[in-house]
Amino acid sequence: MDLNLSDEQRLLRESAERFIAESYDADHRRRMANDPLGFSPAVWKQFAELGWLALPIPEAYDGLGGGAVDIGILMEAFGRGLVSEPYVATVVLGAGLVEKCGSEQQKQGILPRIADGTLKLAFAHSERSARFDLSKVATTANKTVQGWRLTGNKIAVLDGHAADEIIVSAHIHDHQGPSGRIGLFLVPAQTPSLVISDFARLGGGRACNIEFSDVHLPEDARLGDGHDTLPAIEWAVDRAMAALGAEAVGIMQTLLDATLEYTKIRKQFGRPLSANQVIKHRLADMAMSCDESRSMALRAALKVDADPIERARAASGAKAKIGKCSRFVGEQSIQLHGGMGVTEELEVGAYFKRLVAFDTLFGGSAHHYHRHAELGRKTVSA
Amino acid sequence: MDLSFSNEERAFQAEVCDFIAKNLTDEMKRATALTPSVFSDPDIGMAWQRALHKQGWGAPGWPVEHGGPDWTPAQRWIFETECARAGVPNVNVMGVKMVGPVIIGFGSPEQKNFYLPRILSGEDYWCQGYSEPGSGSDLSSLKTRAVRDGDDYVINGTKIWTTHAHHANRMFALVRTSDGPRQQDGISFILIDMKTPGITTRPILTIGGDHEVNQVFFDDVRVPVANRVGDEGKGWTYGKYLLEFERGSGIASAKLREGLRAIADLAESDLTGRAIDSPDISTRISEVEVDIDALEMTELRVLSALQTGQNPGAVSSILKLRNSEIRQAVTKLGADVIGHDALAVEPMRPLYKLNHEPAIPEDMLTVIPEYLNGRAYTIFGGTSEIQRDIIAKMMLGI
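First to last, the sequence lines map onto chains A and B. Start counting the first sequence at 8; every next residue gets the next number (this note's numbering). Start counting the second sequence at 6; every next residue gets the next number (this note's numbering).
Because the hints were derived from the structure by calculation, they are not lab data. Predicted model only: the values in this text are computed from it and were never measured. Hints are not guaranteed to be accurate.
The calculated DSSO-like cross-link candidates involving lysine-lysine, where the alpha carbons are at most 27 Å apart (straight line), are [as the list claims (entries may be wrong)]:
#, chain 1, residue 1, chain 2, residue 2
1, B, Lys398, A, Lys271
2, B, Lys398, A, Lys274
3, B, Lys245, A, Lys287
4, B, Lys59, B, Lys102
Okay, chain A solo, but in the shape it has when bound (with noise of 0.2 Å):
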C-alpha cells in the first residue's frame, strides 16, 4: 500500500506543470478559443517531444508504458492550463481501443504513429436516442461483399475535426442478419462520404457530430477480429472518465486558488472579504470539495485494470462525486467574484464552463450515482 508519487511521477508532474505555467498563459487560451482547429499543432508536437503522446501506450508499440495514475498526472496539470488539445481523443480514448481491440498488424500500424504524433484518433460512439448508456448503439455495419456498410448518426465526437482516423461503435449485421454484437470501424477522415458538422466545444476544444449514409468500408476496417466491444468502449470510457476527472481536479484548484486570491484583496465594508466567516466557510467547503475530488480522480485511476464491476463502480464513482463537486467549486468561484465573475474578461467562467462540460460528458453525476448503485445490486445478488 503506497500512493506516494515514484520519482518518474514527480518529474512527470513538475514537467507538466512547467509547461503550462511558461506556455499555456491566457493569450494562448483566448487565441484558441476563436481558432478553426480549437487547438495548436505545434504543441501537439512539443507533446510528442516530451513523450506525453507515448505515455499510455504500451513499451512494445514504442509507447513508455505508463498506466492511469500517469495519465491522470498530466491531466491534473492540463486541467491548470484549460489545455485544447486532442488528448483524451487520440490518446486516452483511440489508443486505448486500439490496444485493446485491434489487431497485431492495427496496432503495430497506429500505436507508434499516435506516440510520435503523426496520427490522431477520435471516437465517434455516441447517440442522440442512447442518452448516457454505452450498449445503446443504433448505427449499424453491414457485411458486404467488399468490406462493411456503415449507417447512423453520432454525436458529440470529441475532436473529431482534427482527427486523422474516426473510430465508429456499430451494430454488427453479417449474412445472417443482427448478430448482437457491438464492433469498432476504422473510418479516415478524408472519406468522401462523411458528413462532419463541428462546432466549438463548451468550456473550450471542439466537437462534431457525424452522418454516415452507407459509407463503404474495406474488410480490414474493423477493429479486431469480430468480438464484441462493448467491454473495451466501457473500459476505454471509465479509463477516460477517470482521466478527465483528474483534470477536473487541476481545473477546480485553478479556481480555487483564483478565488481565494480574490477575496484577500478585494474589499468590501472596509475589510477584505475573505475577513467575513461566511467566505471562510466557503472557501472551506471548496476546499474539501477539491481534495475529495483528488482522492476520487485517483481512485478511479488505480482501479482502471481491477475486475469489470469494480473499475466501473470507482469510475461512476469518481465521476458522480467529482461532477458534484466540481459543480460547486465552479459556481461558488463565479459567486464570489461577484458581478465580475460572470463577465468575459476574467478567466474564470472559462474554467467554469469547462467544468459544466466534465460533468455533462459521458453522463451527469445523477446518471454516475445511479449506475454506481446498480452495479452495486449486480455485485450483491452475484
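Keeping the supplied structure of chain A fixed, place chain B upon it in accordance with the hints.
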C-alpha cells in the same frame, strides 16, 4: 502507486483476524451492534481492552517503551479496518487515545509509571473534564478554578458533556490556576480521582434516550499538586495536543462502511419492504458509499505520507469534519430506510439486555437512537463550524 498490501501486511492482517475470531465473543458483538451511543459500556469495552492488552495490542499509538506494539501506519490501518469489519466493542478513547499520549508526552516519570500500566490493563477508567456550561467552542474561557493550598489544589466549578463520568474512576481536566493576559494562559492540566470528596455527577439524557454524558460538580475538591501534568499554566498547550488526537485518529472510513452496510442490509430485507427498490434510496446509498470511498482514499493518502515520514499537512483537518458529516448521512439514511418502524422508539437500556419483546425487529432498534444521538458528531471535539475555521486558517491561510 499501489493499493494492495505486501505479503508481510497480509500476514499481519491474518493475525489480526485470527485474534478477533478467538477473542470477540457473540455477546460482545451483539452488545456492540445494539449500543446506540458512541462508546460501549465498560463491561463490554473493558473486556475487549483486556483481551487487546493480553495480546500486547492495548495501545497501538504508544511508543514501544510504554507498551505500544510498534506498528507501521499500514498495520494500524489494517488493525482498525479489521476491527471495524468484525464489529468489535468501541472502547472509550479517554484513556488509551487521549490522556495516555499527554502523560507520555508531558507527564513526570512517577505519573508515567503509575498511570500508563493502569490505562493499558483497563484498571483505570477515564473521563474528560474540558467543556463547561459557559465554555463550549470557546473552550479556553473555562472558569473551573484550582487554588493552591499547601500541597493541594482546591477545585471549584463544573464540567459538562462528561462522557462516562458515571463509570469513570479518574478524570483529566483543564482548570484555571491563574489569570493571564490571554484567556489561554493560566490553565493547568490535572488528574483527578473521581472518589475525592466534593465531586458529584448529574446524568444528562441525550435525545436518543441514552445516558452517556454527565455534568460534574466540584465543591472544594482537594487534589494533590503532584497530580498536575507538566507545568502550571501550560495546560492549554497539552489540551490542544490531545484534541488533535480526538479529532483524527485518521482511520474512520472502515467503521462508516460497516454502518452503511448494516443500513443497506436492512434496505435489502423484507423487514423494510425492500426499501432499496426505491431508486431514491438506492441512489442515496451510493452517494454515501462514494463519500466513504473519498474519505478512505484521503485517509490512505495521509497514511502513505506518514509511512515515508512526510507531514501529511492540513489534509488531516478535513478528516474529522467529513467523518462526522458522513456518519450523520448514514444514520439519516437509516431513519428513512426503516419507514414506519421509525415511530417505535425503545426506551429501555441497554438494548442488548431487554427483558421484553421490542415492538420492532432487533436489527432496527438502534437506528433512530443513533440518528438522534448522532446529531452530536458535528458538535463534539470541535463543532463543524470550528473545523471550517481551522481548515480556512491552516489550509487556506485566511
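Hint-by-hint comparison with the structure:
Among the hinted pairs, Lys398 of chain B with Lys271 of chain A is consistent with the structure: their alpha-carbon atoms are about 13 Å apart, no more than 27 Å. Taking the CA atoms of Lys398 of chain B and Lys274 of chain A, the gap is about 19 Å. The hint holds against a cut of 27 Å. The straight-line distance between the Cα atoms of Lys245 of chain B and Lys287 of chain A is roughly 22 Å, inside the 27 Å bound, and the hint therefore holds. With a C-alpha separation of about 18 Å, the suggested pair Lys59 of chain B and Lys102 of chain B falls inside the 27 Å cut-off, and the hint holds.
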